[in-house]
Amino acid sequence: MTTSTDTSTDLEAFRAEVRAWFKANGKRIDDHSAVEEADGETVDYLARARGFMNKLYDAGFSGLSWPKEYGGQSLTMNHQRVFNEEANGYDLQSSPFMVTLGMCAPTLLQYGTEEQREEHIPKMLRGDEVWCQLFSEPGAGSDVAGLTTKAVRDGDEWVINGQKVWTSGAHFSKFGLIVTRTNVDVPKHKGITMFIVDMSSPGVTVRPLRQMSGGSGFNEVFFDNVRVPASNLVGEVDHGWMAAIGTLMNERVSIGAGGGGLGRGSGTPQFDNLSELATHVGKKNDGATRQELASIYVEERLIQILGDRMRAGMKAGKAPGPEGSIAKLSGSELGKRSADMAMTLLAESGQAWTDGDEIAARWAGSLLGSPGGAIAGGTPEIMRNILGERSLGLPKEPQVDRDMPFKDVKTN
Amino acid sequence: MSSMSEEREALRSAVADYLDANYPIDKVQRIADGKEAVPADAWLKLSQGLGLAGLVIPEEFGGQGAGYAELGAVLQEFGRTLAPLPMLSSAALGTLPFLLATDDTVRRPYLEALASGEATAALALTEAAGEWPVTAHETTALQAGENWHVSGSKSFVLDNGGATFYVVSAQTENGVGIFVIDGADVTREALNAIDLTRAQSSISFEKAPAIALAVDAGDTIKQLQELAAILISSEQLGGATAVMNMFVEYAKIRVQFGRIIGSFQAIKHMCANTLVEVEKARGAAEDAADKAAAGQDDLALSASLAKVSCSEAFTNATLTNIRVHGGIGYTWEHPAHLYFRRSRSSSALFGTPAQHREALLVGLGY
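In order, the protein sequences belong to chains A and B. If you count the first sequence from 1, you need to add 10 to reach our numbering. If you count the second sequence from 1, you need to add 328 to reach our numbering.
One should not assume that every hint holds.
[Stated by the list, open to error] Partial list, computed: chain B residues near chain A (C-beta under 8 angstroms): (1) 470; (2) 599; (3) 637.
Since the hints were made in silico from the structure, they are not lab data. Cβ coordinates follow ideal geometry from the N, Cα and C atoms, glycine included.
Build out the structure end to end from the sequences listed, making use of the hints.
Structural data, given as structure tokens:
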């Protein structure tokens, strides 16, 4: 990773710049951050977060390791690491941009046309364009390739009909990356095409879904004769599956180990929060508590190291491999364990609390969010299948429809 | 996903080839069983061939001048094959105190003898069970003119059946020091170890003549303990990788209920869970070795992180190995138990996971 631009003097100068900038512009994470995070789904929060992203971009701290020609800084992973260290403890307000920067932008970088990259990536890095990822369907959740949303060519346009679901942030996204069925006469993986879709196009209807946590970050999205210009094609007609896989792999790294252009995944927030909580409830010196706390610290650091290694690999030109599933699995397991530990520490007051008890409210939110974290981006069982089959080369699950023309496949 | 440089990879691969050719697992089993002995000149030959005894010894003392990252890569191979040679005990742990010592006239003869493979050294810090990091050194060193004499005992010493010399920590009037004593001056008692592939002993010595490597060396002893945890972690990582490969290969050929068992999700997911643990442990072990190589002063956090994650990954992998193999995995003839034994032993040495977790919290100021 060593290049002429990351000598220790350069890095130290860079560190000083980042530190000064955060001191002047950053907001420390305090006990209210969880409350902010919970309404990270609202348009208000988005506006504030976008303001912060604009400032970050103008200061030259967005997309540190991304190519300069698309608005990044073309710096090294060491710069990213330094940035992460300095950003630790500050609220990056990054949750609305996670899908945009962690998943959609890398897909455009890899599979998009030059025009698409030049047009969108700088705006994504600046926070001006929020994107969503339109993959899952009611009848095709874990089996993404079973999708039935159709795109049909009509002159210089494509016409899309169908329904997507579990679409995070669709209600405030300007664009979406959509995968569609363009050929039913070939096996399911071979007739898929990816497009950029303008979410304000006529025929697009976004309906928020209320989750078990009470939040509404997900949506169902309906496409009724939505017309998309042919120039919005990403990759090749009928060969969108590879691009989709690329997005999904980025998604797993991003969900599990933080990422995107922002430097999420820095610090050890679960450990910091839980150690504070343990002190708060008077269990700081309890042996079992200390062991579990340390285990959470270890898990958190291991995921960070793994994420750093994956991102360094990606920067060196390696597409993320099935290892992204390791981050995804570990991240959701850590979320569950952290919530469990907090509920153990809080005991009765974790399940019922008085108004204004922000600590209890925040951990209850975390508890109710953790099952969703495990499913989002693929269930643990799907991740383990991917690791078993793609990383370890074990025989595939028997799939009766793999080589069958899609029109003959039994769908839900 | 490995961050290994090409040079390090070439070294690792040469060591792998040598060990596979000379210490296949069935031979290691016969040695563990006492049916075959390690040739007396095995270590010397390996030192002459690949220079492993002097791998991290500077070239001016006859060594290879490699760093901790290379040493970590080589230790992974020894962990993978369980080759009963003093790579960890002497070339890594036994050599460390001399690397950290500063007086060339004192350390030169030892380093030269170690680099040639003609001598082996063993590091002996621990005195009582459950003592990590070692802070109370009941062994004492007394100075009489130019000479030192040490008295006391040490236990759980990895010495592959007896080292040429032992490096012990001992209390002096001016702090804790590090001393070298001749193997001939100690009474060695072999311990009954669950690990059949690595000998351990307790040693005692009474007014044994000693050479002082360092006096008032509290910081160096702390550093020795951190490096010991990092080095054994690399070896554990190699062991964990080996058993994972062993049961994954088996899952690809064993047929039950008319199917290859690796196609059953229950088995596939056991394999995947091990992969997750091993890859995270790899990150921690290689990160710690890189930090040691970069000369970072305080390695405590990285060392504990590596020791916890590698111990747990290795321990869990060895159990999964037995489970995936079924009954055959629980037989004496199958090598699974050798790895199971090694994992439990290595997990307890140089700080248990629980001790390192506690140390992590203390290190973080909690």
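So which of those numbered hints doesn't the model satisfy? 1
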